[in-house]
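Trainee: Top line first, the protein sequences correspond to chains X and G.
Per numbering that gives the first Met the number 0: the first sequence = residues 0 to 230.
Per numbering that gives the first Met the number 0: the second sequence = residues 0 to 107.
Hints in this document: simulated from the structure, not taken from any laboratory.
Keep in mind it's a predicted model, so treat the numbers as computed, not measured.
There could be a bad hint or two in this list.
Below, a list of computed lysine-lysine pairs in the DSSO-like style, where the Cα atoms sit at most 27 Å apart [what the hints assert, rightly or not]:
#	chain 1	residue 1	chain 2	residue 2
1	X	K221	X	K127
2	X	K33	G	K77
3	X	K169	X	K189
4	X	K127	X	K169
5	G	K98	X	K34
6	X	K127	X	K145
7	X	K145	X	K34
8	X	K221	X	K33
9	G	K98	X	K33
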Amino acid sequence: MDAAILSGLNAERAARRAAILVTDTIDGHTRLVKKAEAAHDPLAEELARRFRSGRSGMLEDGRTFLTVSVPPAWLVMIGAVHISQALAPMARMAGLDATIIDPRTAFATPERFPDVELIAEWPEEVLKTRPLDAYTALAALTHDPKIDDVPLTAALEAGSFYVGALGSRKTHAGRIERLSGAGVGADALKRIHAPIGLDIGAASPAEIAVAVLAELIAALRKAPAGESGAA
Amino acid sequence: MEKLFEKDTLATAEAWRKEGREVALATVVETWGSAPRPVGSHLVIDGEGNFEGSVSGGCVEGAVVGEALEVIGAHQAKMLEFGVADETAWRVGLSCGGKIRVFVEPVE
């Protein structure tokens, strides 16, 4: 492999962008396909599936190997609340990076959140240096529009793979009205999972955390409607 | 916060290359049975036989390093196969009874 290709791959990884190395294991030739350029590649369909599954592997031809590099999924929880106390360790167990953001210092204490990155600042400040991306899941859990609305909008704009918001249907109707009034498009708003979590009848904070984690894993791993054959 | 990732083998490969070392990269490309490391796992080897990463959790690293030195010398990539069926060929095997193919290529 050309050293420049390796450097190119590492640059994509450092920037939290997905890329795939396509290696011909017979003649040793390797090329790098960045995700942004993958749609025009001869292997476009296969590459799209690989970007979703994140799995490296040999193609059916028995000679072309794909080294798939996708950023680790990152769960951002807005709200240092009971649900995030349960959701943070579950998410890390499932292999996700996890961060909790809540400007309310009474909630965001290290004692309540011992093993997770906890940032006691306003989300709009945090997101300036830690932008959301396509490999981010955002769970808005505060019930407070002043805290939740900005990161929700940011996640929709960034194309984050999962965007969920806590609150009843009535609360969500109000949210839709606010965000719509702030210029967020109708299609984007449909991407918000609300009420948050799979409908498993979850009652306690820990049960809601399970429902949220399951819903975001489905969003990460399952092909969208119309695409089949994902690994 | 400490992350749960393994050490970054690809970053090491690039760093070693920039130091002027000769470098080969080994990648698990196929597995059968209970192989210890998943497809896509890397081992990086330099011309002195130093290595970092893992393709088998220790079972065949020694053999891969030996082959990698040849790959570096010959500037030619090579496919290796390890497993219970290939004991006579390689004299090393996977204790768990699995089988793996490892692609070794020079980085230059």
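Trainee: Given the hint that K98 (chain G) pairs with K34 (chain X), test it: the Cα-Cα distance must not exceed 27 Å.
Mentor: Distance of about 32 Å is beyond 27 Å: violated.
Trainee: Are the Cα positions of K145 (chain X) and K34 (chain X) separated by 27 Å at most?
Mentor: 34 Å, violated
Trainee: Checking one constraint from the list: CA of K127 (chain X) to CA of K169 (chain X), max 27 Å. Satisfied?
Mentor: 31 Å, violated
Trainee: Between K127 (chain X) and K145 (chain X), does the CA-CA distance stay at or below 27 Å?
Mentor: The given pair, whose Cα atoms are some 17 Å apart, holds under the 27 Å limit.
Trainee: CA of K169 (chain X) to CA of K189 (chain X), is that 27 Å or under?
Mentor: 15 Å, holds
Trainee: Does the alpha-carbon distance linking K98 (chain G) and K33 (chain X) stay inside the 27 Å limit?
Mentor: 31 Å, violated
Trainee: Run the distance test for K221 (chain X) versus K127 (chain X): straight-line Cα separation, threshold 27 Å.
Mentor: Since the Cα atoms of K221 (chain X) and K127 (chain X) sit roughly 30 Å apart, the hinted pair is violated (cutoff 27 Å).
Trainee: Given the hint that K33 (chain X) pairs with K77 (chain G), does the C-alpha gap stay at or below 27 Å?
Mentor: Since the Cα atoms of K33 (chain X) and K77 (chain G) sit roughly 26 Å apart, the hinted pair holds (cutoff 27 Å).
Trainee: For the pair supplied as a hint, K221 (chain X) and K33 (chain X), is the alpha-carbon distance within the 27 Å limit?
Mentor: 22 Å, holds
In summary, the structure is inconsistent with hints 1, 4, 5, 7, 9 from the numbered list given earlier, while agreeing with the others.
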